[in-house]
Amino acid sequence: MAFDKMELRETEVWDGNFAAAQALRQAQVDVVAAYPITPSTPIVEGYAKFLADGYVEGEFVMVESEHAAMSGCIGAAAAGGRVATATSSQGFALMVETLYQASGMRLPIVLNVVNRALAAPLNVNGDHSDMYLGRDSGWIQLDAYSPQEAYDLNFIAFKVSEDHDVRLPAMVHQDGFMTSHTAQGVKTIDDDTAYGFIGDFKPMNDMLDFDHPVTHGVQTEEDWHFEHKARQHNDLMTKVMPKIQTAFDDFEKLTGRKYNIVESYDMDDADVTVVCMGTSVETAREVAKEMRAKGIKAGVVGIRVFRPFPFEEIKAAFKNVKAIAVLDRSAPGGTPGAMFNEIAGALYNTDERALLSGYIYGLGGRDLTKAHLVDLYTELQANVDAGKVTTPLQQFIGVRGPKLAFL
Amino acid sequence: MSEIKKIKNLKEFSTSADRFEGANLLCPGCAHSIIVREVLNATNDDLVLSASTGCLEVCTAVYPYTSWDASWIHIGFENGSTAVAGAEAMYKALGNKGRLKQPDRNPKFVSFAGDGASYDIGFQWISGCFERGHNMMHVVLDNEVYANTGGQRSSSTPIGSSATTSPAGRVSYGEKKNKKDMMAIMAAHGSPYVAQVSPNKWKNMVKAIQHGMAVEGPVFINAVSACTTEWKFAPEDTMALQDLATDSLVFPLYEIIDGTELNITYRPKNVVPVEEYLAAQGRFKHLFKDEYKYLIKEWQERVDAKWDYLQRREEAKV
Numbered sequence: 001m002a003f004d005k006m007e008l009r010e011t012e013v014w015d016g017n018f019a020a021a022q023a024l025r026q027a028q029v030d031v032v033a034a035y036p037i038t039p040s041t042p043i044v045e046g047y048a049k050f051l052a053d054g055y056v057e058g059e060f061v062m063v064e065s066e067h068a069a070m071s072g073c074i075g076a077a078a079a080g081g082r083v084a085t086a087t088s089s090q091g092f093a094l095m096v097e098t099l100y101q102a103s104g105m106r107l108p109i110v111l112n113v114v115n116r117a118l119a120a121p122l123n124v125n126g127d128h129s130d131m132y133l134g135r136d137s138g139w140i141q142l143d144a145y146s147p148q149e150a151y152d153l154n155f156i157a158f159k160v161s162e163d164h165d166v167r168l169p170a171m172v173h174q175d176g177f178m179t180s181h182t183a184q185g186v187k188t189i190d191d192d193t194a195y196g197f198i199g200d201f202k203p204m205n206d207m208l209d210f211d212h213p214v215t216h217g218v219q220t221e222e223d224w225h226f227e228h229k230a231r232q233h234n235d236l237m238t239k240v241m242p243k244i245q246t247a248f249d250d251f252e253k254l255t256g257r258k259y260n261i262v263e264s265y266d267m268d269d270a271d272v273t274v275v276c277m278g279t280s281v282e283t284a285r286e287v288a289k290e291m292r293a294k295g296i297k298a299g300v301v302g303i304r305v306f307r308p309f310p311f312e313e314i315k316a317a318f319k320n321v322k323a324i325a326v327l328d329r330s331a332p333g334g335t336p337g338a339m340f341n342e343i344a345g346a347l348y349n350t351d352e353r354a355l356l357s358g359y360i361y362g363l364g365g366r367d368l369t370k371a372h373l374v375d376l377y378t379e380l381q382a383n384v385d386a387g388k389v390t391t392p393l394q395q396f397i398g399v400r401g402p403k404l405a406f407l
Numbered sequence: 001m002s003e004i005k006k007i008k009n010l011k012e013f014s015t016s017a018d019r020f021e022g023a024n025l026l027c028p029g030c031a032h033s034i035i036v037r038e039v040l041n042a043t044n045d046d047l048v049l050s051a052s053t054g055c056l057e058v059c060t061a062v063y064p065y066t067s068w069d070a071s072w073i074h075i076g077f078e079n080g081s082t083a084v085a086g087a088e089a090m091y092k093a094l095g096n097k098g099r100l101k102q103p104d105r106n107p108k109f110v111s112f113a114g115d116g117a118s119y120d121i122g123f124q125w126i127s128g129c130f131e132r133g134h135n136m137m138h139v140v141l142d143n144e145v146y147a148n149t150g151g152q153r154s155s156s157t158p159i160g161s162s163a164t165t166s167p168a169g170r171v172s173y174g175e176k177k178n179k180k181d182m183m184a185i186m187a188a189h190g191s192p193y194v195a196q197v198s199p200n201k202w203k204n205m206v207k208a209i210q211h212g213m214a215v216e217g218p219v220f221i222n223a224v225s226a227c228t229t230e231w232k233f234a235p236e237d238t239m240a241l242q243d244l245a246t247d248s249l250v251f252p253l254y255e256i257i258d259g260t261e262l263n264i265t266y267r268p269k270n271v272v273p274v275e276e277y278l279a280a281q282g283r284f285k286h287l288f289k290d291e292y293k294y295l296i297k298e299w300q301e302r303v304d305a306k307w308d309y310l311q312r313r314e315e316a317k318v
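Chains as they are written, first to last, in our numbering: chain Y, 1 to 407; chain B, 1 to 318.
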């Protein structure tokens, strides 16, 4: 009936998966229903081991598929307690039906998604195809670029998701292998402080309150369905960002680590900028610094909150930029790329529209090298100098064979 | 431990505190509501219920109305069992942590699903729940057809039945495959209790439900549910159809305890020929053409063989 606290060093050497597992332990998650899939498995294995060693108290339900994992999470969340799980790629794809059900039923659940390519062909390495697959599911999507952020953003996710004004499930994304299996220094929070940041779970409409029976998961047709979906969207558009911002602010006060809805790097006077997610953000920052030494005013924008999409913050970040390269790490499937389209949409009605070009990169774990980014910034500067986009609108980076470019 | 509810007679049973409202959209004459009420009225304990997508779900929880005066959840077609399993896991977790709002209660976790949602699309989820040993009951409302989508065959649809995806026609007698034996499959999962029940035999059914609720672990109940719409009989004849189903031994009532002890729980005084059961339903109408009468004979032989098998197992205590 009790569990032991864990003494952590101020800085531990953790990979992204273990960092997320530690966050689940410190959040004292009540139920984890999970199914293994590379590269996310160590997160739920970590929770199971903490349970076996008496460092957390809860129920670990090892189910028979990812669909069942999220189904069990939904049942557990509706029952009234803290719920989390993890998955990747095909497992995420199998969960998709239940992702919509979880958000439509307004249940707080934290899902760690260790990003991985989608088959076919089968591939275990990181790209953002699975993250993109979740983009219309009504979940909050936060993106971590490092193990430290995978750890920190879990606390943000619980705090926002369980807020009674929000009551929407949240995903914490990290890049498969690049983050999930790469050990780095992670600054820790002690158990009491970490738990205190999230606080006790406050049930609402909980099925285990037998004096107040609730019907979950009703039928609505043309008479009510639209209103339910519209209200959910309204809350995503108006309530979630302020809550995330507050959580970021509180977290900074607690730890000194500052997070932003959009992470701008050297953007104050940037002419050319790359916008991307995941581990590529750190690579781009390094290259941007090097480009500045060569006289190119380069900046980087990292998307921290992918859903709800930060339209206002994007507009502000790109206010004075002359050329933008949007990097999509997902097979675009006959369109310029999901993030390209969204950023184009965000900027279309602004007065100073920067030159916009899109790049598809890194599918199935293909490296994005510094050399790639040097070429890219150089290309953007050429666009600025010419006053127009001199390249095709969509290009592929780092793919073998004849150069692929479209539009 | 919760007390087993004592029920004296049908009048008292049918008027006891009702957590499933008569106000619902099920067809007049649908046996689903009768089954649900018999399950719910068998206990005074609190309930955490689920329904998989299907007739019961779409007819009882249409926003802003609900027919359920108990905790209830619906997620999808295949995962109602796992919804309840997740809730049961949370109950355990919060119990261990001392965080239950009403720690003195003894809730029962019950999932309702049709044969399609149990025998077919939800089979893996149910299998998972049973293998893991959740303390829950899964009740199949077995009407042998996808009724909610308009009468397609499921793996519970019996040979010779005309379903919309296995229709009887100029050169076909309808469904060609025999019904899947879910009772045996679920018993093989090591379930402490599986039982086939029928709401016309309400005392028998209540006994089975109460037995199922008293044991620890996953319990499987296959409830025969005569479907006026898809079986094609008049709505006022539901109970007559249920009687024909049990008394022809097409649906023998029996239980399997711990996967090994099989007991026949109802022996009709006068066994009705299978032909009478078939003749009462439009879905078997074509079997009475001369060229298909051999199928009626085969039906009877199958039912006899199964009854013989059940008796032999009961006698051998295996």
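To be clear, the hints were calculated from the coordinates, so they are not data collected in a lab.
Where a beta carbon is used, it is the ideal one built from N, C-alpha and C, also for glycine.
Misleading hints may appear alongside valid ones.
[Stated by the list, open to error] The calculated lysine to any residue pairs, modelled on SDA-like cross-linking and capped at a C-alpha distance of 20 Å, are: (1) Y:297 to Y:311; (2) B:97 to Y:319; (3) B:207 to B:267; (4) B:101 to Y:205; (5) Y:202 to B:207; (6) Y:5 to Y:52; (7) Y:187 to Y:2; (8) B:92 to Y:209; (9) B:179 to B:101; (10) B:92 to Y:2; (11) B:92 to Y:210; (12) Y:187 to Y:319.
[Claimed, not checked] Covered stretches of chain B, going by a simulated chain Y footprint (3 or more residues, C-beta under 8 Å): (13) 21 to 33; (14) 46 to 53; (15) 61 to 73; (16) 92 to 106.
Hints numbered earlier in the text: which of these fail when held up against the supplied structure? Hints 1, 2, 5, 7, 9, 12 and 13 not satisfied by this model.
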